[in-house]
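> This is what each chain is made of:
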Amino acid sequence: MGKTDVWQGTLALMVLKTLEAMGPQHGYGIARRIEQTSGGLLSLNYGTLYPALVKLEQEGYIAGEWGVSNNNRKARFYKLTRAGRRQVAKEAEAWGQATAILARFLQPEEQP
Amino acid sequence: MRRLRAGLVRLTNVFRRDRLDRELAAEMESHLQHHIDDNLRAGMSPEEARRHALRALGGIEQAKEQYRHRRGLPLLEAFLADVRFACRMLWKQPAFMLSAVSMLTVGLALTAATYTLFNGLFVRGWAVPDSDQVFRVEASRRVQPAAGTISDGLSLGAYRHIRAHAATSEYVGYWFDNMRIRADRTAEPTYTQTAVVSDNFVSALRIPLQQGATPPTTGDASPAVVISHGIWQRVFGGDSQVVGRVAWVNDVAVTIAGVMAAGFEGLGGRQIEVMVPLAVVRQLSRRPGALERLDDERQCCVWVAGRLRDGRTQQQARAELETLTAQYRHSVRQPELSVRLSGTTQAETIRDLESVVTVLALASAGIMLVFLLTCTNVGNLFLARSLSRRGEIAVRLSLGATRTRIVQQLVVEGLVLASIAGVAAFLATMAVPPLFRLIDDEEAIAALFRADWRVAAFTSVVVILTCLIVSLAPALHTSRIAWRGAGAGVPPATGRLRHGILAAQIALATVLVLSATLLTRGIERALATPADFALQTTTAAILQSPPGRPWDAAAARQTRAALAAAARTSEVPTGLAGLSPIGESGLSVGRTRVREPQSEALFEAQVVPVAEAAPQILGLRLAAGRWPSTDPAALEAVVNRTLAENVWGDGNALGKQLTIGFANDRIYTVVGVAGDAHLTAFDHVAPVVHIAPLSLPVLVARTARDVDAQLTRLVASVDPELIVTVVPLSQPFEQTLEQARAGAAVAAGLGAIAVALAIVGVFSVFAYLVEERRQEIGVRLALGASRRHVGLAILHATRSAVGGGLLVGLGLAVAAGITLRGFLFGLSPVDPVSYAIAAMMLVVSAVVAMAVPVRRALRVAPVIALRAE
Chain R
1 MGKTDVWQGT LALMVLKTLE AMGPQHGYGI ARRIEQTSGG LLSLNYGTLY PALVKLEQEG
61 YIAGEWGVSN NNRKARFYKL TRAGRRQVAK EAEAWGQATA ILARFLQPEE QP
Chain F
113 MRRLRAGLVR LTNVFRRDRL DRELAAEMES HLQHHIDDNL RAGMSPEEAR RHALRALGGI
173 EQAKEQYRHR RGLPLLEAFL ADVRFACRML WKQPAFMLSA VSMLTVGLAL TAATYTLFNG
233 LFVRGWAVPD SDQVFRVEAS RRVQPAAGTI SDGLSLGAYR HIRAHAATSE YVGYWFDNMR
293 IRADRTAEPT YTQTAVVSDN FVSALRIPLQ QGATPPTTGD ASPAVVISHG IWQRVFGGDS
353 QVVGRVAWVN DVAVTIAGVM AAGFEGLGGR QIEVMVPLAV VRQLSRRPGA LERLDDERQC
413 CVWVAGRLRD GRTQQQARAE LETLTAQYRH SVRQPELSVR LSGTTQAETI RDLESVVTVL
473 ALASAGIMLV FLLTCTNVGN LFLARSLSRR GEIAVRLSLG ATRTRIVQQL VVEGLVLASI
533 AGVAAFLATM AVPPLFRLID DEEAIAALFR ADWRVAAFTS VVVILTCLIV SLAPALHTSR
593 IAWRGAGAGV PPATGRLRHG ILAAQIALAT VLVLSATLLT RGIERALATP ADFALQTTTA
653 AILQSPPGRP WDAAAARQTR AALAAAARTS EVPTGLAGLS PIGESGLSVG RTRVREPQSE
713 ALFEAQVVPV AEAAPQILGL RLAAGRWPST DPAALEAVVN RTLAENVWGD GNALGKQLTI
773 GFANDRIYTV VGVAGDAHLT AFDHVAPVVH IAPLSLPVLV ARTARDVDAQ LTRLVASVDP
833 ELIVTVVPLS QPFEQTLEQA RAGAAVAAGL GAIAVALAIV GVFSVFAYLV EERRQEIGVR
893 LALGASRRHV GLAILHATRS AVGGGLLVGL GLAVAAGITL RGFLFGLSPV DPVSYAIAAM
953 MLVVSAVVAM AVPVRRALRV APVIALRAE
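So the protein sequences, as listed, match chains R and F.
Numbered continuously in our numbering, the first sequence closes out at residue 112.
Numbered continuously in our numbering, the second sequence closes out at residue 981.
Hint data in this document are derived by calculation from the structure and do not stem from the laboratory.
Any given hint could be a false lead.
Here are the simulated lysine-lysine pairs, BS3-like style, with alpha carbons at most 25 angstroms apart [as the list claims (entries may be wrong)]:
hint	chain 1	residue 1	chain 2	residue 2
1	R	Lys-74	F	Lys-176
2	R	Lys-79	F	Lys-176
3	R	Lys-74	R	Lys-90
4	R	Lys-55	R	Lys-90
5	R	Lys-55	F	Lys-176
Chain F side only, calculated, beta carbon under 7 angstroms to chain R, not exhaustive [to be verified]:
hint	residue
6	Arg-114
7	Ala-118
8	Ile-148
9	Asp-149
10	Asn-151
11	Arg-153
12	Gln-174
13	Arg-183
14	His-341
15	Gln-427
16	Ala-431
17	Tyr-947
In this text, all values refer to a predicted model and were calculated from it rather than measured experimentally.
All residues carry an ideal CB built from backbone N, CA and C; glycine is no exception.
Here chain R stands alone, though its shape is the one from the complex (with noise of 0.2 angstroms):
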């Protein structure tokens, strides 16, 4: 089985997920846990994280700030804000319903 792209509109969802579980990260980090828990099946253009995650900033669910990384490099590193907590379980419980009536057409019909 191939990778696949990453879906519309899901960069910002898995972003957030990655926050909360990991907590502050620099962009790098995030691309690759993003890629990992994906069991390697997506892959993500790094180039198109940048504008989801000035994205999420603008909206204020997180925020930068500078610091230096395990490898003693200098990075900017994201954590989760408040709203963005509020945001993960929002989208995550969105998420949760769309793909629960997905399944509900794509599952082959009970007989009666």
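Starting from the known structure of chain R, fit chain F onto it as the hints suggest.
Chain F only, in chain R's frame:
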């Protein structure tokens, strides 16, 4: 909410680009290094590690571009980049920028000034808080022969009745007067515009005070007044302890109770420098009329205004007012009183609104034409300029810029120019009121021209319109040519648009020049018409009672009788008349209304009191009957033919009866009919009624060497304390003439601007035309064509534009002339002399504008012209 927040962040990011770019570069570099570190750990060689990391990022520049797109507002950023580029381009061509900006400034400033006037007249109400809750109350009376009604104030009795019984609104009463104020007894007096106001005036209208309070209402204490910020500065030197201080108003000691706030200048164009409570006016006023008003409940007029109480509507106030008026009318048997609510804009207070509107409309039309002329001129400059840049534009198009992008860039250049001109025009508009104050201390006009936020908003809209008019068509045109002919060397086909602009310029200039010539000639003609009465040969002595002397009706009657007796026995024939104070126009003491005692129909009339030798000295002719008796108690009147025909149709007025003004119980008998004369204005005969002078008269005598001394002596023999001012009778007329002259000057000014703009416009069209055909001219001259021939060929190329423009312009000019008929004072709208003068001006201008560039081109040696390619 989140979106709004994101939008705001993006907006601020537009202005933090440099810092954010540096941070982005650092973040990208950090991302790459982390990835390279990982790759190295995975066993790649350094080169391979870097290559792999770059590939995964999708290219650094692409990634940055995506990021920037999301970070700020790309459209705004492109616009700002265009603005910066436009500024650079314009800076490189200072001559183009200066000429375009100066022309646009003229057009925009005229337009903005016109709107300022419109705003001051029709839009802006009184400068008090919540002015939409404030309204004026006017008595409206139907007056013949004018079809409409005239409006004025209410009698004091009516005002008191309404104020006492109204529940929906709080009513205030006021009138205007002039009083002298001084800071101490010995100081030079300052003459002020004074408002006599009811006790609740300040609190009900919420007039802003910067210190002090409303004057106390009781009349027995020392009178207290409120002064304006200007008087506080000028008369009291900005004294911070002014409240409570004693000053002198009309030589009576008063206490300063408060100072109005700096921004408050008055109500509806009437300046208020001092506010005197109605309760104390008896102690201060020296004007007999003002006191009669206080004594007679039915005397007119006190101005009335109201402010709606919380939660009440204008409809409720109107209904209540109608009821209260009906009650009052019934109780005093004043049948003609009907009141209406009106707004607080200046237009509502203008009696002759229709003619003001006509003049304003005509002036606006003229200014609109000048504005269009500036736009076509600048549009033409734009076209020439963008065509000269078609190489640059072609290169940008071939590099992948879209046509929209090019058009946007060119339009932004227009916007930059128009904005600079707009700011200059707004500043010029703001300079108008100080200018009026400087020239003639014309506070009322200055207030009318005050620029506010509405003027700023209007100017902004016009700036955007101007930008579109001057730059859109040339931009579309140029980008199309450059796009079609990019690199292919196709010559531009710009003839039609340029010829269109040329034709429009010529048409507009023709209309403006012809209208200005017609107006100027019409007014000159009216001014040159000799007066049909002894205007130039009469001298008037205007009398004032001495300061401090209280007004006394009986004493005034006695003085008047003594003056009449002295005039009768004087060596020099002397008459008594009633003239308006110096500075007001005409002979009349006031517009009033007359009617037959039993009739409801009111007729407009001007009262011109005359007695003793006055009719002979003034050169008034009598058509029938005799002049009225000198004794006002005889109640005799003489009407002029116009008034007689207005009231009695057949003009047979002898022996008929009429009442004048509001004194319904004083019934005058018509004892004579006078011939019509231009007594009150030089352009029309007003309906006039002559009666014996009622108040302190004006003495008139035939102008001679010693007449000043003789009149002064005569007055001194009656009452040595009276103040005498001797002036030629023509002086009060000067102001009317000045207004007409100002009208002619405005028309001539607009005409001159139009000619100048047309010369510049035609010049630039020809300069460009010649420049473009330089090579062709060179070839023709090299092949032996005569210079005259080549010159004619160039002119020939524009014949249809010039001819078409002239034809359209003439057609419009005839239409304009017919519209202007009312202002031509009998001059024909197709007056041949005016047409000849205008034609000459246009031809001379056209020759100047065309000849210079053509001659310049013809002087160029053929070889040089050919080498240029």
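> What hints, given by number in increasing order, does this structure fail?
3, 8, 10, 11, 14, 15, 16, 17
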